[in-house]
Amino acid sequence: MRGLTPLPPEREAALSGLYAAASGAARRRTLASFAVVAVLALLAGLAAEVRPLVFAENIGKFTAYLAQIWPPVGLEHPLEDVRAWYWGLPKWLALLGETVLIAYLGTLLGGLAGFALSFVAAANLVRSPIVRFLAKRFLEVCRTIPDVVFALLFVIAFGLGPMVGVLALAVHTTGALGKLFSEVVENIDMRPVEGLSASGASWIETVRFAVLPQVLSNFASYALLRFEINVRGAAVLGFVGAGGIGQEFLAAIRNFYYADVSAILGLIILTVICIDLATEQVRHRLTGSEEAR
Amino acid sequence: MSAARSETLRAEARADLARLRARYPAQFRTDRAPRLRVVVIVCAVIGLAGFGAWQFEMSPARIFNGLGRLGTFAVLMLPPSPEGQFWAFLHALGETLGIAFLGTLTAAILAFPVALLAARNVVPNPFAHFAVRRGLDVMRSVDVLIWALIWINVVGLGPFAGMLAIACSDFGAFGKLFSEAIETCDRRPGEGVVASGGSALHRIRFGLIPGVLPVLASQVLYFFESNTRSATIIGIVGAGGIGQYLTELIRVLELKQVAFLVLMILATVAAIDWVSTRLRRAIIGPAAR
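Chains S and X, in that order, are what the protein sequence lines are. Just so you know, the first sequence maps onto residues 1 to 293 in my numbering. Just so you know, the second sequence maps onto residues 1001 to 1289 in my numbering.
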């Protein structure tokens, strides 16, 4: 390989000076943003009462806690141990079923409300800016207030029980899905609408055959994603008395029934991962069929 | 223009519908099989919903009674006022923001090296990839409130437990998102670095990180925003922040203060939303060009 031809010295000095200036500016900017993040972290640490010493001292407690809730299953008679560990399986499975059903109903009701409101909030379908503004703000409020807060309010209004969980999830889901749906509606291709209108379709037929096919797979995909999130949320709604497995789990933690904690936690994690995988499969098929078109 | 044209075409088509039907029978035929599938799916969805409603005793009477009481609550909420507790609320809000910020930051810093392990194009070992992914899934599927309960046992009541809870549940989410971002990034800069004599470490530092960092930063900002929302409820189990006040005040039906707190949360989240949208655009902008 031939050596590189060296640049004339004055040219090289000018170029390397420019390079140093350019990289120096980038480096200063990086350092400055690091400094800002560090200062913010320090302030946040003060606000959140972070005590690294307490953490270092008590990290042993974390491992000890994990050791305590570790499944009490020995090698000598593992089957009996597992049976004893999951002594409450029928009850827990029923509660888990209730949890999934709460998430399902909450997602369905919230999805339907979000579906209706998304057309009102979409810029390409509603001309009146006031109506659109109101719909958007309403969705924002539903989205920002956490489902647990709705559940706390609804428990007082409707009484304890899984119905409260359904309604709380439904309101929160309306906000979350309504926003996503309206973004989908705003991005549709308007040409099929014109085409159908040109071949003699009524307004309802146009919406049914030109708008719905474009948005339906996206809507279903978002709704499935939300269902997955809602299952996770429904599992803790029982903490405030809104049904599902949360109440049982909170009791196990508060009363230090260590084996129960790990048993119920294992069931929750298993359910969430199963639903996660199942919805992922369905969503891949939905988006796949859309790409194939 | 095109709308007007489609209107005239539409009128023509309507007048000529019978002949069109005779000429293109295939286009006017109903497809039985897909329609049957749709009917079955809709029936299943409605059936399950009906079963759930029956199971949960969601009678219209109950719902109307509850709605009536909610209406009373709405009246009691007006006008929203802090009733002298403004500074306490502001302090709690600061605590909430601190929890969200530090929790997100900790999770992001810890998740980054793990995400490299979980990315197929950095560590080609499928076993490491599978093990790390499943571990992240487990962390992700435990809700923030459950993490908070666990950490309260370790560091005691207070916002520190909340911060650790957010860090733990986000760690799982970030690990997954980051590793997906790393896997989809452009591999050519890395190949260039290797071809000009760089080591594997150089490839990651100069070929991979500059490409993915803006994407990761924007995801972190997005999570900070959503964590501010979840940090507001973490106080329900005693892990600090504004949730503690919110729970107590709802339980004793001090609804004016509740409404004020909710307004404070809405304003804060809107402000963070605005700032983080700006920042995201600033970060993503140069990379997209």
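Among the clues, some could well be false.
Stated by the list, open to error - Below are the DSSO-like pairs computed for lysine-lysine, each with C-alpha atoms no more than 27 Å apart in a straight line:
hint	chain 1	residue 1	chain 2	residue 2
1	S	LYS91	S	LYS136
2	S	LYS136	X	LYS1176
3	S	LYS61	X	LYS1256
Stated by the list, open to error - Which residues of chain S face chain X? A partial, calculated answer using Cβ under 7 Å:
hint	residue
4	LEU108
5	LEU112
6	VAL236
These are computed hints drawn from the structure, not numbers from a lab. Glycine included, each C-beta is placed from N, C-alpha and C at the ideal position.
Task: Violated hints - listed by number, lowest first - done: 1, 2, 3, 5
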